[in-house]
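One-letter residues, chain by chain:
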Amino acid sequence: MTTATAPRAIGGHKDSFGATTRSDRWWQGGALTAAGLIFFFGYLTVRAFQGTWLWANPYISPTGAPPLFTPASGYAGAIPVSHAWLGAFPAWWPRFLPQSPAFFFPGLAIAFRFTCYYYRKAYYRAFAASPPACAVAGPRLKYRGETALLLFQNLHRYALYGALFLLVCLWYEAFSAFFKNGQFGMGVGTLVMVLNAALLSGYTFGCHSWRHLIGGRKDCFSCDAGSKRAHGIWKKSTWLNSRHMLLAWLSLFWVAFTDFYVMMVSRGVITDLNTW
Amino acid sequence: MAQRTFKIWRGDSEGGEFVDYTVEVGPGMVVLDAIHRIQAEHSSELACRWNCKAGKCGSCSMEINGKPRLSCMTRLNSLPEGTVTIQPLKAFPLVKDLVTDVSWNFEQNKRIAPLKPKARDADGNHRMMQEDVDRVQEFRKCIECFLCQDVCHVLRDHKKHEKFVGPRFMVRLAQLEMHPLDTDDRIEKIRKEFGSGWCNITRCCTEVCPEHIGITDNAIIPLKERVVDRYYDPVAWFIRKVLGRK
Ligand code: SF4
Ligand code: SF4
Ligand code: FES
Ligand code: FES
Numbered sequence: 087m088t089t090a091t092a093p094r095a096i097g098g099h100k101d102s103f104g105a106t107t108r109s110d111r112w113w114q115g116g117a118l119t120a121a122g123l124i125f126f127f128g129y130l131t132v133r134a135f136q137g138t139w140l141w142a143n144p145y146i147s148p149t150g151a152p153p154l155f156t157p158a159s160g161y162a163g164a165i166p167v168s169h170a171w172l173g174a175f176p177a178w179w180p181r182f183l184p185q186s187p188a189f190f191f192p193g194l195a196i197a198f199r200f201t202c203y204y205y206r207k208a209y210y211r212a213f214a215a216s217p218p219a220c221a222v223a224g225p226r227l228k229y230r231g232e233t234a235l236l237l238f239q240n241l242h243r244y245a246l247y248g249a250l251f252l253l254v255c256l257w258y259e260a261f262s263a264f265f266k267n268g269q270f271g272m273g274v275g276t277l278v279m280v281l282n283a284a285l286l287s288g289y290t291f292g293c294h295s296w297r298h299l300i301g302g303r304k305d306c307f308s309c310d311a312g313s314k315r316a317h318g319i320w321k322k323s324t325w326l327n328s329r330h331m332l333l334a335w336l337s338l339f340w341v342a343f344t345d346f347y348v349m350m351v352s353r354g355v356i357t358d359l360n361t362w
Numbered sequence: 111m112a113q114r115t116f117k118i119w120r121g122d123s124e125g126g127e128f129v130d131y132t133v134e135v136g137p138g139m140v141v142l143d144a145i146h147r148i149q150a151e152h153s154s155e156l157a158c159r160w161n162c163k164a165g166k167c168g169s170c171s172m173e174i175n176g177k178p179r180l181s182c183m184t185r186l187n188s189l190p191e192g193t194v195t196i197q198p199l200k201a202f203p204l205v206k207d208l209v210t211d212v213s214w215n216f217e218q219n220k221r222i223a224p225l226k227p228k229a230r231d232a233d234g235n236h237r238m239m240q241e242d243v244d245r246v247q248e249f250r251k252c253i254e255c256f257l258c259q260d261v262c263h264v265l266r267d268h269k270k271h272e273k274f275v276g277p278r279f280m281v282r283l284a285q286l287e288m289h290p291l292d293t294d295d296r297i298e299k300i301r302k303e304f305g306s307g308w309c310n311i312t313r314c315c316t317e318v319c320p321e322h323i324g325i326t327d328n329a330i331i332p333l334k335e336r337v338v339d340r341y342y343d344p345v346a347w348f349i350r351k352v353l354g355r356k
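These protein sequence lines are chains X and Y, in that order. The opening position of the first sequence corresponds to residue 87 in this note's numbering, with each subsequent residue numbered one higher. The opening position of the second sequence corresponds to residue 111 in this note's numbering, with each subsequent residue numbered one higher.
The shape of chain X in the complex, shown without the other chains (with noise of 0.2 Å):
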């Protein structure tokens, strides 16, 4: 990869794109971060589209939850026109857009994802190479780090708000899924759905801006009782914080599954075991 040499390496460093003296294999973790990121974005991103086989009665995909519309015709496996919060996509929805509800509520674990402090390591490793790896030359381009372009990512805590309020939908669908028809019973769907909030929940309350706002911003942790409980909040969120990065990966492997899990249920391809 090294194309140019700098005249005067001095120290027997060069400059130019990848270089380095590692020996060991620094460009792995960036290529399975790469192909981890674009395998399951893209899939969720594809089934973001179609729009079809996001409900199993009583699952419901989280590519789908929580629905605002949903199409009232047309799109097989679709959530129930009840099901949704307002019922039928609108007659002004845009033709060539497909009516899928992905593109609301989820939406938003989209903006929560992008700004999050790993996956912008992630990217800004994997994509950008800004580093492609430590003690590896990235391209020489003009470096503004998060001063400029990159300010918007300051807002993470908004995104953090939106997260938070899809995590109290998907705890509502995943009780949901403990009755169908009205009947209370369970599902290895409703176990698939209630992981999924857990492990969304774990990724969340591990969440940099959820650590400050609940207590991290704070100097004195012992000065009174709701420093106290800050404390003790702020401590479980460290030990969710330093797992951060694990959680991200299986929550989000987790909810491509559920959604994949779903879709195949709600196509007949494979049989819910449960007991109703």
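Quick list of in silico lysine-lysine cross-link-like pairs, DSS-like style, CA-CA up to 25 Å:
(1) Y:Lys206 with Y:Lys117
(2) Y:Lys302 with X:Lys304
(3) X:Lys100 with Y:Lys206
(4) Y:Lys117 with X:Lys100
(5) Y:Lys273 with X:Lys207
(6) Y:Lys270 with Y:Lys220
(7) Y:Lys302 with Y:Lys226
(8) Y:Lys299 with Y:Lys228
(9) Y:Lys251 with X:Lys304
(10) X:Lys314 with Y:Lys228
(11) Y:Lys302 with X:Lys228
(12) Y:Lys270 with X:Lys228
Hint data in this document are derived by calculation from the structure and do not stem from the laboratory.
Position chain Y with the ligands against the provided structure of chain X, taking the given hints into account.
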């Protein structure tokens, strides 16, 4: 005993080259031991800096097989077979061979205002609770090896030494900013003078820190969040400016 070859950068700020040295190595030896043996057997003028040989003084930082590491804590048997490449740090001016001039770091340190403690309690004491200093104690483990400064691409590749103080000093700033007794308001400087926005949180500093300080997650990101409170969060701004609350 086995033989091992070391490819070591020899030269100064004008230029130089890699030179191969082969010496006998034994079990338990670290890279610094091998350098000492090379000095004894091949080249007594090979320059390197070291002091404690116990991972505590932070003097022996260099790049081993391309990674910034402490040479006194890098065991030879932890490195893959074959020639070991040894270079000086990249982010600082080279003096000779493996010695760089790290004084830029000491200049940065001087720019940071020391602790400005609040008034003492009535009995003349300063009191802090353990839970209030836990966070800050992590940062005090720093041995000032400057490996994090060396690996940080903002300094290493983009040479923004004028804009960004680097991870080591973001740690020091966090240590003061989060200190329960400190009364200084440091947020404006953290953003404008010390350049918190230049860090893109890609965490190489955290990966190389021999003291395992959570540089990015426990120091830099919490500081960035405090900067958001002051400068970027419209609701926080409204509460502060319009409602006059802190
Ligand atoms: S996380 Fe920030 S300070 Fe640390 S190495 Fe990366 S850019 Fe530099
Ligand atoms: S923070 Fe870690 S890597 Fe940086 S100077 Fe201190 S001990 Fe070294
Ligand atoms: S969700 Fe990752 S830091 Fe907020
Ligand atoms: S010689 Fe002191 S840290 Fe290596």
